[in-house]
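Put chain Y on the given structure of chain E with help from the hints.
Protein chains: 2
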Amino acid sequence: MDSKQLIIQQSEQNKSNYLPNISVDAVIFGFDQNELKVLLLKMNYNHLWFLPGGYVQFSEDLDDALVRVLKERVGISGVYMEEFGVFGKKNRSESFFDDFDENLFHKQRFITLGYYALYNPLKLNPIPDEFSETCEWIYLSQLSDIDLAMDHREIIDKALLTLREKIAIKPIGYNLLPEKFTLMELQKLYEAILGKELNRGNFYRKIKNLGILKKLDEQRRGGAHKSPDLYSFDEENYAKALENGLSSW
Amino acid sequence: MDSKQLIIQQSEQNKSNYLPNISVDAVIFGFDQNELKVLLLKMNYNHLWFLPGGYVQFSEDLDDALVRVLKERVGISGVYMEEFGVFGKKNRSESFFDDFDENLFHKQRFITLGYYALYNPLKLNPIPDEFSETCEWIYLSQLSDIDLAMDHREIIDKALLTLREKIAIKPIGYNLLPEKFTLMELQKLYEAILGKELNRGNFYRKIKNLGILKKLDEQRRGGAHKSPDLYSFDEENYAKALENGLSSW
Chain E
183 MDSKQLIIQQ
193 SEQNKSNYLP
203 NISVDAVIFG
213 FDQNELKVLL
223 LKMNYNHLWF
233 LPGGYVQFSE
243 DLDDALVRVL
253 KERVGISGVY
263 MEEFGVFGKK
273 NRSESFFDDF
283 DENLFHKQRF
293 ITLGYYALYN
303 PLKLNPIPDE
313 FSETCEWIYL
323 SQLSDIDLAM
333 DHREIIDKAL
343 LTLREKIAIK
353 PIGYNLLPEK
363 FTLMELQKLY
373 EAILGKELNR
383 GNFYRKIKNL
393 GILKKLDEQR
403 RGGAHKSPDL
413 YSFDEENYAK
423 ALENGLSSW
Chain Y
183 MDSKQLIIQQ
193 SEQNKSNYLP
203 NISVDAVIFG
213 FDQNELKVLL
223 LKMNYNHLWF
233 LPGGYVQFSE
243 DLDDALVRVL
253 KERVGISGVY
263 MEEFGVFGKK
273 NRSESFFDDF
283 DENLFHKQRF
293 ITLGYYALYN
303 PLKLNPIPDE
313 FSETCEWIYL
323 SQLSDIDLAM
333 DHREIIDKAL
343 LTLREKIAIK
353 PIGYNLLPEK
363 FTLMELQKLY
373 EAILGKELNR
383 GNFYRKIKNL
393 GILKKLDEQR
403 RGGAHKSPDL
413 YSFDEENYAK
423 ALENGLSSW
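As you go down the protein sequences, you meet chains E and Y in turn.
Take this note's numbering: the last position of the first sequence gets the number 431, and nothing is skipped along the way.
Take this note's numbering: the last position of the second sequence gets the number 431, and nothing is skipped along the way.
Honestly, the hints are just simulated from the structure, not real lab data.
Nothing false has been slipped in among the hints.
Which copy? The list can't say, so a pair holds if one copy fits it or any two copies do.
Using 30 Å as the maximum straight-line C-alpha spacing, the simulated BS3-like pairs for lysine-lysine come out as follows: (1) K422 to K271; (2) K348 to K378; (3) K370 to K352; (4) K397 to K370; (5) K224 to K253.
Since this is a predicted model, take the numbers as computed values, not measurements.
Pulled out of the complex, with its shape left as it was, chain E reads as follows (with noise of 0.2 Å):
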């Protein structure tokens, strides 16, 4: 059976357990090859990509709902994910289900609450549902090569300048990076996230200054350059930056 039929068969159930007019979009970045990239389903009847979302049960609070959902569309769990904006034109999914019944469920308006996470890829292991054909990690600068669905190109893009000025305030790399990473890793994440390359000597002052970050006594070996040092983070400094906040007033 695919996703078409899925749908239609699953709709009358969908009005008896989901609130109407209300869903949750996940955008999860990772990191990967000095770039961003995306987790995103491919539906498996009209080949469009969508971000991973669904619906809220009636007796559900909203964030045990984006824990179900993550849990159904892509297999995950134990992702901390953070509201960062609501999508509620009403026409965002006017023309989407264009092709079916009119009291479907899928085609109401749907105001849609999006949600952000940075994660390492290799330590997720995403697995599509039974309405995609595949789920894959998108980098950012392919996605305008993909078909993506509705506003989901709106919603990346939302997510990504709120990722822009979190980063001001907040520390960010903890669940990017590898355990140890080298400066010059760290500063092609900030580099990915703020979309510009910054200056060498300043990046190196300025994050050392934040006081989370630990050298360690490792070099990277390997590298065609002399070995660079090798970092690791204050957990302690970190978690107490991310509760406090970077800001400099």
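Same frame as chain E, now just chain Y:
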């Protein structure tokens, strides 16, 4: 007719006009006497205090709904609001309409979208709607002395936290301060938002470095001390900083 009767009377009409399960609530902060305050309505039957909020029409964009709700509930327009959080606990309004019939529109579960803005109380002239006996600016320090409905205290607290984060990356003050202000007045605003005292020398240096201020050829006269210089915001640079952020990376 008090608001209890009105709510019952409008319930059926609401069902045909508004999306179920979704509401919007507005946290409008003002700054006065060196303190932040928030605009609240007091309901005229149970005398509880509420944020101005309301519902979303079936065929209305979310942003338009917010504009309409502010106009209807507190008679103000032209306030630019920013979404900052979603409040979706399943029992958040459970006990509130206990004394109403099960079938009441308002008695459904509502997930509410929180929006915030900063405005000079002198520039707004709020008028309470027919559900409310009064509409007032309440100092944040006095919130514990009044009875706030449902989770509206939590919504205000989250809005304030968001504002504290934003102050690190966005200029703040344009809608809150008079056109001409002293650096000390601006510092008091920052202190009110951050909830802590700032070192004067550091603050003056940092705020001047942002490039968003214009020093005027005027002083504030009449105080006991040396007349301090007056400043205004450099509109062009302020707008640029709003657009691009103040991130130091």
